[in-house]
Amino acid sequence: MTVGTEQIVQTSADDEGRKLGTAETIVTYIVILAGAIGLMFPFAWMLSTSLKPLDEVYSYPIIWIPSQIVFENYIEVFKKVPFARYLWNSFVLSVLGIIGNMAGSSLAAFSFARLRYPGRSFFFIMMLSTMMVPVWVTMVPTFVMFSRLGWLDTYLPILLPAYFAVPFFTFLMRQFFLSVPVEIEDSARIDGCSSFGVFFRILMPLSVPALATVAIFSFFFYWNDLLGPLIYLRSQMKFPVAMGIASFQTEQYANFALMMAAATMAVAPMLVVFFFTQRLFIQGVVITGVKG
Amino acid sequence: MIALPKTPRARREALEGYIFLLPWLLGFLLFTAGPLLASFYLGFTSYRGDRSWPDWIGFANFTKLFQDELFWQSLKVTVIYAVGFLPPGMALGFGIALLMNQRVKGVSIFRTIYYLPSVITGVAVAVLWGFVFHKEFGILNSVLEWFGVTPISWLFNSRWVMVAFIIMGLWGVGDGMIIYLAGLQGIPTELYEAASIDGARRMRRFWNVTIPMMSPTLFFVLVTALIKTFQIFTTAYIMTRGGPNYATYFFSVNIYNTTFVSLRFGYASALAWLLFVLIFLLTLLLFRSAKFWVFYAGEKEEAA
Chain A
1 MTVGTEQIVQ
11 TSADDEGRKL
21 GTAETIVTYI
31 VILAGAIGLM
41 FPFAWMLSTS
51 LKPLDEVYSY
61 PIIWIPSQIV
71 FENYIEVFKK
81 VPFARYLWNS
91 FVLSVLGIIG
101 NMAGSSLAAF
111 SFARLRYPGR
121 SFFFIMMLST
131 MMVPVWVTMV
141 PTFVMFSRLG
151 WLDTYLPILL
161 PAYFAVPFFT
171 FLMRQFFLSV
181 PVEIEDSARI
191 DGCSSFGVFF
201 RILMPLSVPA
211 LATVAIFSFF
221 FYWNDLLGPL
231 IYLRSQMKFP
241 VAMGIASFQT
251 EQYANFALMM
261 AAATMAVAPM
271 LVVFFFTQRL
281 FIQGVVITGV
291 KG
Chain B
1 MIALPKTPRA
11 RREALEGYIF
21 LLPWLLGFLL
31 FTAGPLLASF
41 YLGFTSYRGD
51 RSWPDWIGFA
61 NFTKLFQDEL
71 FWQSLKVTVI
81 YAVGFLPPGM
91 ALGFGIALLM
101 NQRVKGVSIF
111 RTIYYLPSVI
121 TGVAVAVLWG
131 FVFHKEFGIL
141 NSVLEWFGVT
151 PISWLFNSRW
161 VMVAFIIMGL
171 WGVGDGMIIY
181 LAGLQGIPTE
191 LYEAASIDGA
201 RRMRRFWNVT
211 IPMMSPTLFF
221 VLVTALIKTF
231 QIFTTAYIMT
241 RGGPNYATYF
251 FSVNIYNTTF
261 VSLRFGYASA
271 LAWLLFVLIF
281 LLTLLLFRSA
291 KFWVFYAGEK
301 EEAA
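For the record, the sequence lines run as chains A and B.
Residue numbers are given in our numbering: position 234 of the first sequence equals residue 234, and the series is strictly consecutive.
Residue numbers are given in our numbering: position 143 of the second sequence equals residue 143, and the series is strictly consecutive.
Treat the hints with caution; some may be incorrect.
As the list claims (entries may be wrong) - Here are a few chain A residues that face chain B, going by a calculated C-beta distance under 8 angstroms:
{"hint": "1", "residue": "I30"}
{"hint": "2", "residue": "V31"}
{"hint": "3", "residue": "P42"}
{"hint": "4", "residue": "M126"}
{"hint": "5", "residue": "M139"}
Because the hints were derived from the structure by calculation, they are not lab data.
Glycine is no exception: its CB is placed at the ideal position from the N, C-alpha and C atoms.
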């Protein structure tokens, strides 16, 4: 069953089903507000540091608001490392990863949700149990396999698994497909539609919200992933942002202004995507969590 | 015994089912089941990643493990982090969810803000926190200074570094919050009404309605958080590389180093399998404990 986002975005009735008293409301506000400020502090600090002239970064006591806003730190980052290249690589990886995850997971999810065949529930349980397997257990043989194939320093080892139905996304898509009324499908089948027709012409167009959720989660995965690039990539020109910052950090460890400028640029796309897609995001967490 | 489909239509559907399942099945064999078995085998070898066939050495890796100080250290560090982070993390996430469930204006904006840190993760954020914890120029120390605390060398002092990791972990408790909120909103209001009619006051309603109704959600969050906590890697790799003096040498950092720094593929496989078994046993233990504290509505009431 899908949980409508409205249900989550709206505040439900307070557990007493009555309005809070004024004093309680004020206290609640103060606590929530203080927490929110505390949580946003590191981000504000990152942004402020990245825009500071160098001497203000290392001043004591700390200068919270820069006396003037400068973009030198950002320019420096692009001069010191191929940061534009990193951003582009992350973009390419994310797009290819998104396509893979949407395609792979929805095919398998359709099979699990809508078709009947011997062994289906066995395979489904197998899939669910693999969600518990730590990446660390499969890491060594997978690395050996990909390096024997000569795929080191390519994106193949990082991207390929996405095209073969990642369990988490498959589960998410399956839950969504289950919520689509079977009647729609039945009438199409009576009209002579095959399973392929049902999948491509009926379920996929109806699944845009679920596919978008898969896309957003895989964007965050590929944008953030460090372990994959760390294991498989060698040449700097192939690094995605996460890996680029990791290697940049080892050279420029003490140069906080540059590090914060780089971090801001890495975080900004995620912030933008998050703000525009929050609802889908939350829906995804809830579908796979509460109903799981 | 699995019944084979009889009618042509059912047979056709079964065939289509397998065709659609194929991507997953191949992925399962190539990227999960195959490597899982291979690493189990490698755990009993002294394989170092070269092209020769791995040498079988029996249980040697496992006996070596028990005398390996770094193994014990990494296990200790991981367990300390889990024990130090999970209880306050769960409590805080749940507490925030309760606050957010109140009927106050603008709550959806706050919900976004609280959720944000758990979404924006990874290397950039680890780098940011490395700066937050900086002894001279970091904000944490300068905020603490207002309260008269002398600057702490968060990341270079083996006594404080774990506290720093827990603080950073607590910053991201928002993902639990979202799940709790959905759970809270699923509790039927009639239960609260019935409790009120029976004369239950606020605290009583919390303990006798909210907590039991939320226990499946709490259980779910605990299981997933436990699995995740035991595999923490990026923050440790970026902020401390396992230091100072192995104080943040988490299990996963140990596996990574054993594989890609010392190139002891066989030994690393043994380590990884041990981690897997450990996580599996802990999860099993949680599931066993569930019947004592997790309440599933609709379950048969035991004779009271």
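Verification of the supplied hints:
no.: 1; hint: I30; verdict: violated, 11 angstroms
no.: 2; hint: V31; verdict: holds, 6 angstroms
no.: 3; hint: P42; verdict: holds, 5 angstroms
no.: 4; hint: M126; verdict: holds, 7 angstroms
no.: 5; hint: M139; verdict: holds, 7 angstroms
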